[in-house]
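Number of protein chains: 2
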Amino acid sequence: MNKKAEIIKIACKEFAKYGYKGVSLDKIAKQAEISKAAIYYHFENKSELFQEVLMPKVNELINEIYSLNSSNPVEELEHYIHSYAKIFKKYPNFAAILAHEFVDGGRDLSDEIIKNLSKVFKKLLSILREGQKKGLFEIDNPFSVQLMIVSSLIMHQTTKELRQRVSKYIDIELNPDIKDIAFAISKKILKAISKE
Amino acid sequence: MNKKAEIIKIACKEFAKYGYKGVSLDKIAKQAEISKAAIYYHFENKSELFQEVLMPKVNELINEIYSLNSSNPVEELEHYIHSYAKIFKKYPNFAAILAHEFVDGGRDLSDEIIKNLSKVFKKLLSILREGQKKGLFEIDNPFSVQLMIVSSLIMHQTTKELRQRVSKYIDIELNPDIKDIAFAISKKILKAISKE
DNA sequence: TAATTCACTTACTAAACGGTAAGTAAGGAG
DNA sequence: CTCCTTACTTACCGTTTAGTAAGTGAATTA
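In the order they appear, the protein sequences are chains A and B.
Sequential numbering from 1 applies to the first sequence in the working numbering.
Sequential numbering from 1 applies to the second sequence in the working numbering.
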């Protein structure tokens, strides 16, 4: 593996753990066994490194989500939810980075990434509208559906440490697989929004 | 208002916006129009200030959640969800702080706060178990139910800025009231987990 | 009136931060 | 052999960070 790819890999892990602002380039440099200035040889600045970490994953998520073109909203919704699960399983750090950015108001995301993420949300809205038009779904608040799906999946990936700490006091399932969570969520969401 | 209360109020706003690590005491001091050392007169360190910001809200949430003691799991679940909504409406910054801590693995939370938060999660688990025992609920994965409820409510409060940025590209409802979201969520959750 | 406490301020420290200027060893091209 | 590029390193800069030591004026207590 070349150094640039190694930096990206280490940076991805760090951004997932500490968020954009919490990551220090000194620490990344130390882990990659290079000097900090070497990072600046490969990337213009911290922000560019962050975008280069995120962009391919965002694009892969979009491709996955748009890969099915069924006329069945139920199928489409299931595919949508499992697309997230698939990408998050492939890149567990990606979900954590998104979670950090969500709570930070996307402060450190470039407009290009925001634009691409919008495509993801757009797809869900169109699925819900289609289902509503076909009399399959009954949705009073599409936004709350979106919240339930996306935040549940993202939070699942990012609260592993917290669950560990909480498990000292209560009995919870510690490490459910995201695919199982995706199944549980899509089953419940479908039941919740289905007419009759 | 005395200075200590003013510091807590400003700190609460800052912690909500930037998370524990992102907040600087210099900035809080400037806003409160005192010196940074004055903060250290009132609080032992940054961490103690953080706990003093959080603790009363956590306790109020616990009291609200445990204030109803019905034998009807449906009623109890509705009360649970609306308890969150009530506290988050009263302290919008509290939800944002929790969100930051969730994605940071509760890194900056004291054991006491973790213990108290566990009580909150415990209550939901007991409601779900009770509903299951009475044949009202059908739950394969209690953890995913918890995720859907808590993360949806918290994320709703914390993604206002992000929604604003996304709204340039897609048409979403910008500022739904948390009470409406709570109603939508509890309605969907009940439908999703009800038997039949 | 003298001593003490309260609620701070000023001035500082050591460490960490993102970022940069200048230099360098290795290798390929002409 | 010389020039140039690649992929870095060393050493630094200015700023910001949490935290501290010492001092101060006003109010309270003995």
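In case anyone wonders, no lab produced these hints; they're calculated from the structure.
Some hints here could point you the wrong way.
Treat identical chains as interchangeable: a pair holds within one or across any two.
Claimed, not checked - Below 25 Å or equal to it, Euclidean Cα-Cα: the simulated BS3-like pairs (lysine-lysine) are: (1) K179 <-> K36; (2) K195 <-> K86; (3) K86 <-> K46; (4) K134 <-> K187; (5) K17 <-> K133; (6) K195 <-> K168; (7) K4 <-> K89; (8) K13 <-> K123; (9) K115 <-> K187; (10) K119 <-> K133; (11) K168 <-> K90; (12) K168 <-> K17.
Report task. Up to 25 Å between alpha-carbons, please classify K168 paired with K17: within, between, both or neither. Result -> Within one copy only: 22 Å inside a chain, 29 Å across chains, cut-off 25 Å.
Query raised in the report: Checking K179 and K36: alpha-carbon separation at most 25 Å within a copy, between copies, both or neither?
Result: Answer is neither; intra-copy 38 Å and inter-copy 48 Å both fail.
Query raised in the report: What label fits K115 with K187 when the C-alpha limit is 25 Å: within, between, both, or neither?
Result: Neither: 29 Å inside a chain and 32 Å across chains, both beyond 25 Å.
Report task. With 25 Å as the alpha-carbon cut-off, assign the pair K134 and K187 to within, between, both or neither. Result -> Both: 19 Å inside a copy, 22 Å across copies.
Report task. First find the shortest C-alpha distance between K168 and K90 inside one copy, then the shortest across copies, and answer within, between, both or neither for a cut-off of 25 Å. Result -> neither (29 Å within a copy, 30 Å between copies)
Query raised in the report: Given a CA cutoff of 25 Å, do K195 and K86 count as a within-copy pair, a between-copy pair, both, or neither?
Result: Result: close neither inside a copy nor across copies, 28 Å intra and 29 Å inter.
Query raised in the report: How would you classify K195 and K168 at a CA-CA limit of 25 Å: within, between, both, or neither?
Result: So K195 and K168 fail the 25 Å test inside a copy (41 Å) and across (31 Å) alike.
Requested in this report: Tell me, please, which holds for K17 and K133 at an alpha-carbon limit of 25 Å: within, between, both or neither?
Outcome: neither (42 Å within a copy, 39 Å between copies)
**Report entry** Identical-chain pair category, K4 with K89, by Cα at 25 Å
**Finding:** within (24 Å within a copy, 46 Å between copies)
Query raised in the report: Are the CA atoms of K86 and K46 at most 25 Å apart within a copy, between copies, both, or neither?
Result: For K86 and K46, the Cα distance exceeds 25 Å both inside one copy (28 Å) and across copies (40 Å).
Query raised in the report: How would you label the pair K119, K133 (within, between, both, or neither) given a Cα cut-off of 25 Å?
Result: Answer is within: at 21 Å inside a copy they meet the 25 Å cutoff, but 43 Å across does not.
**Report entry** Homomeric proximity label, K13 with K123: Cα distance no greater than 25 Å
**Finding:** neither (28 Å within a copy, 34 Å between copies)
Hint compliance for this structure: hints 1, 2, 3, 5, 6, 8, 9 and 11 are not met, and every other hint is.
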